[in-house]
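Enquirer: One-letter residues, chain by chain:
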Amino acid sequence: MEILKIEDLSFSYPGSESRVLDGASFSLLEGELCVLAGSTGSGKSTLLRLIKRELSPRGEKSGRVIFEGREIEELDAREAASAIGFVMQKPEQQIVCDTVWHELAFGLENLGLSRADIAIRVAEMASYFGIDAWYDKKVSELSGGQKQLLNLASVMVMRPRLLLLDEPTSQLDPIAATEFMHTVRKLVNDLALSVIIVEHRLEEIIPLCDRLVLLDGGRVLKSGSPREVISTLDRDSESIMAMPISARIAHKLGFRGECPISMREGREWLRANCQNFIRSLEAKETESSGELALSFEGVCFRYDKALPDALASLDLEVKVGEIFCVLGGNGSGKSTALGVASGTLKAYSGKVKVFGKKLSDYKNGSLYFECLSLLPQDVQNVFLKNSVKEELEDARADISALPFDISHLLSRHPYDLSGGEQQIVALAKVLARKPRLLLLDEPTKALDAAKKQAFVELLRHLKADGMTILIVTHDVEFAASVADRCALFFRGEAVSCAEPTRFFSDNNFYTTSARRLSRSHYDRVVTEDALLALCRLNGRAEEGAR
Amino acid sequence: MRDFENTNPIVVTVYFFAVSGICMFVSHPILLALSFFGALGYFISRHGARKVGLHLAMLAFLLTLALINPLVSSAGATQLFFINNSPVTLEATLYGIFASGAVVGVIYWFLSYTEIMTSDKLLYVLSRLSPKLSLVLSMALRYVALLAAQRKKIRQTQIALGLYSDGNIIDRVRGEMRVFSVLVSFALENGIITADSMAARGYGSGRRTSFAIFKFSSRDIFTLALILIFFALTVASMATGALDFEFYPYLSPIKTDLWAVIGYISYGMLVLLPTFAQMEERARWKYLRSKI
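Sequences listed follow chains A and B, in order. Following my numbering, the numbering of the first sequence begins with 33 at its first residue and continues without gaps. Following my numbering, the numbering of the second sequence begins with 6 at its first residue and continues without gaps.
It should be emphasised that the hints constitute simulated quantities derived from the structure, not laboratory data. Note that this is a predicted model, so its numbers are computed, not measured. Be a bit skeptical, because a hint or two may be false.
[To be verified] Now the in silico label distances, taken between C-beta atoms and shown as ranges: (1) B/Tyr148 x A/Ser269: 37 to 47 Å; (2) B/Phe22 x A/Ser398: 56 to 66 Å; (3) A/Lys389 x B/Val141: 45 to 55 Å; (4) B/Tyr148 x A/Gly322: 33 to 43 Å; (5) A/Glu300 x B/Val141: 57 to 67 Å; (6) B/Arg177 x A/Ala148: 53 to 63 Å; (7) B/Val189 x A/Phe541: 40 to 50 Å.
[Said to hold, decoys possible] Straight-line C-alpha distance at most 27 Å; calculated BS3-like pairs for lysine-lysine: (8) B/Lys158 x A/Lys337; (9) A/Lys170 x B/Lys158; (10) A/Lys421 x A/Lys466.
[Stated by the list, open to error] Going by beta-carbon spacing under 8 Å, a handful of chain B positions derived as facing chain A: (11) Leu99; (12) Ser117; (13) Ile121; (14) Arg147; (15) Leu151; (16) Ile164; (17) Val187; (18) Glu194; (19) Ile198; (20) Ala205; (21) Arg206.
Heads up, the beta-carbon is just placed ideally off N, CA and C, and yes, glycines get one too.
Extracted from the complex, chain B is given alone in its bound form:
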């Protein structure tokens, strides 16, 4: 079974940039609400009832942001009440709620994105930009892991030899310096052997190609096409001005003309796309499994 997170990493990347990018450039309450609930819904669909602590922290963050705006800004025409002789307005309150909702929504989108994009998926996406970059990054990642492990080993060895004292800060810094200097020699020596191993396997013998384990299936192309269509429709709707919205001094009316409705629906579809993909995949799996 392949759900949305297992689609080609390029498609996943395009999706997250499209859905959160729009949310950063509009201030329309409907779109912001769609983005917020879509992001939260997708995150919950991946984790279920777990991660309660994270949600509580996000809620606290959202409430703080939402409360600060009406307290410090008295812009807006509809006054609700006064605190310390400064007016609290309806417009500022709503703006606070929607702006903070937008920020938290984008955070949720990126939480899901970073969970889905493991380092080799990220590497794959970057390698499409430049094959050389992907090799350099792959080697760098390998070296970081190798040196971190080596540093730990050297430290433990020195401790068990009684040659690494961590009694006070100066001793500890001195100890770390010694470990660091030997790590440099280790890296250099290692580098020579790695270079030999690369030459032995034909590195530098001509033009390179670049291999990846991710494929672009017809399903990936279909998903990508859907994302691009919904994205283009939403952007077109933005361009006609149908999704313009002002909080100050008065709330703008929410438009219901054709372009505005196209904008709401296409962004809504974009937001729900991973959920649809998941549902479709599950239904198909159920059907397939019934045949086993």
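Looking at chain A on its own, in the form it has when it is part of the complex:
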């Protein structure tokens, strides 16, 4: 049964000539998980908000949105609120109440349900999502992933038949993001719920979805099963960059026909289509100076006397001029190590040296002048002014000296920028301090595939200028493509440390998708570029057979 039908929908914001949506049409069946993809500015968020009546932006609209055979304007207020659920991007800001149970009950209170009914529905939903363990907690004590699950649960208690998700995982770490996606898939399977999800991180969600809709310039470019859509994509289209690795590799090697999507299909495809006479590329020797930019010697830190060590006798050395990536799970002490290195957290034992000098010997903020700068995970906290221009003047930043161009953003309010733009402006502000050692915490979290590639180039450029960069990240693909050396943190210690090819080849689970794809076929391949190069070097399987 068709649950949602969008007919020739056009929309433009007030005072703007250009149409954000320009005659978009598609339809969704009951129980389908649909991914809405497209580059920035393709109108996907606007389309999603036009389906949810309460959140529809004001402007000129034509065309129809039909939900279960009725136009959404005809639904009564309570029906519209409960039948179509919406979860937004930032977990923190959607939460209304101070305790988990009250947040869960909030929507049902609005619908005027009796206390007994609310109790049943809330209990049912809390146990389905496994949040009964933190039912009594304050929302401020939850992690980002837990907050987003709570947001999903507090929409699901209202028993929606259509669920709209606007980049729900963009603020989450990869593990929490995967958990969230699988929860959504489970909901679809269990309840025949219909879901539309807008995402830029497509690797995870595409193997799970039933329908892929590609938007471009406010029109629906393609709509169909993910295999159909991906197989008919143009080879150089930007959308291919965001697709799963199997599809990407097949596409870039000029493969035509049914595209592999899952990891299993990808491996089979690789075995069938590429030779492996040459099993690995020659390792490039990277030279680096012996000088240390940052060193930890037996550093111990805890947030509170009663809590366990967040850093337990940490030893780590970062050499001058290298890009060093720190990986590890949540709570393994990665961000804490950055806090200690930047002097905002004080270790209770051990030595921290920056360029051979102890932290305590840097007096009167000299540590932060032409020496070390930390760009935190939540870059929004860097901004204090009302426009980008004022921000940069405040930090005495010289735009012309930057290796990237931000002149088009000058008049905007920093809070109105997209995640990627905020990252770049914050970086400009940090670079104005002319640091020799740059500390970055999760810099790729809000970046889509294309922006991430540009960011990698930028970091290489900074490195070429002699900067040392220490990055804390969950993003293994990013670390593999940019790092000179990587370390894995576990329970407050660095358990392994090596250059990325060795680091990721040794790891079995904690490794890149290129490595997982090629493990049985090639040796020591960890980046997509290396895999492509090796495939081209070996040649196609049919050619070899001939």
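Given chain A's structure and the hints, the job is docking chain B onto it.
Expert: Below, chain B alone, put in the same frame as chain A:
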């Protein structure tokens, strides 16, 4: 196991206001003594031998209050001895002891009360007065926590950027001002998204109800009834004048007529009620556990 502190928060609130309210309106030594020892006993039953520092501070406070009265007031007819030519009287000494005991007793009652009433229990009690108030308070509590956390994050970020100097007072105030101004924009931006999220979940679509995780069990009703009966009996006894007591100029006699005795017993029962509830609950638990 549910002991007294886990009874319905409304019952708990009624209890503490009843027991400490009476103590504020009578000056009868027996009732004051009951209140003081009851409050101290209940506090100790919750904490055991811990909190020695607090008890010592309370003792010092009590002794100071008790000593000041006979030194500054020479009212009362029975003179004990003279200090600097002013008489120290028996009545003033006793009044000092009992008045300060009453004050410290009430402090102990409220220490226990504030420990038991966590913010969501308090919110629940207020929501019975007005459902709207409870939502507003819940949102306010959430925002206070959110803004406090955000302020800390912004400050740390600015420190690590070297843009927040705390060298002298003027710099520090200037730094705080900058952080504050950005917190305002953060709160406004956040507020818009929260309002969207509320509208998306049907806020304003009609009459609201209000949900709470606390139930009113039959046991809660029974406890509440007991509290109200003992409270009413004590107040009735006060109304007959049986619990009137004057320290000056002579100590009034302690009455033993029927209403007075009813007053002592019912207030005594009221004071001991949480302890009884605790004991009853423990005995029941022991019995139940023996069956596991």
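Enquirer: Does each hint hold? Answer for all of them.
Expert: We went through each hint and held it up to the structure:
For the hinted restraint 37 to 47 Å between B/Tyr148 and A/Ser269, the CB-CB distance of approximately 44 Å keeps it satisfied. In this structure the supplied range 56 to 66 Å holds for B/Phe22 paired with A/Ser398, their Cβ-Cβ distance being about 59 Å. Distance hint for A/Lys389 and B/Val141: a CB-CB separation of about 53 Å, consistent with the stated range 45 to 55 Å. Between B/Tyr148 and A/Gly322 the CB atoms are about 52 Å apart, so this pair departs from the stated range of 33 to 43 Å.
The given range of 57 to 67 Å is respected by A/Glu300 and B/Val141, whose C-beta atoms sit roughly 59 Å from each other. B/Arg177 and A/Ala148 have their C-beta atoms about 54 Å apart, which keeps the hinted 53 to 63 Å range intact. Look at B/Val189 against A/Phe541: about 45 Å separates their beta carbons, and that is inside 40 to 50 Å. Using a Cα cut-off of 27 Å, the hinted pair B/Lys158 and A/Lys337 holds, with the two alpha carbons roughly 21 Å apart.
Restraint check for A/Lys170 and B/Lys158: the C-alpha separation of about 19 Å stays at or below 27 Å, so the hint holds. Proximity of A/Lys421 to A/Lys466 is assessed by CA-CA distance (about 19 Å); at most 27 Å being required, the pair is judged to hold. Checking B/Leu99 against chain A: minimum C-beta separation of about 46 Å lies over 8 Å; hint violated. Using the Cβ-Cβ criterion of 8 Å, the hint placing B/Ser117 at the interface with chain A is not satisfied: the shortest such distance is roughly 21 Å.
Taking 8 Å as the C-beta contact cut-off toward chain A, the hint placing B/Ile121 at the interface is violated, the least distance being around 15 Å. Residue-level restraint check for B/Arg147 holds (minimum Cβ-Cβ distance to chain A is 4 Å; threshold 8 Å). Given hint, B/Leu151 at the interface with chain A, holds; its Cβ is 7 Å from that chain's nearest Cβ, closer than 8 Å. Checking B/Ile164 against chain A by beta carbon gives a least distance of about 6 Å; that is within 8 Å, so the hint holds.
Against a cut-off of 8 Å between C-beta atoms, the interface hint on B/Val187 holds, since the closest Cβ of chain A lies about 5 Å away. For the restraint placing B/Glu194 at the interface with chain A, the shortest Cβ-Cβ distance is roughly 5 Å, inside the 8 Å limit, so the hint holds. Using the Cβ-Cβ criterion of 8 Å, the hint placing B/Ile198 at the interface with chain A is satisfied: the shortest such distance is roughly 4 Å. Among the interface hints, the one on B/Ala205 holds; its C-beta lies about 5 Å from the nearest C-beta in chain A, closer than the 8 Å criterion.
About 4 Å separates the beta-carbon of B/Arg206 from the nearest beta-carbon of chain A, less than 8 Å, and the hint is met.
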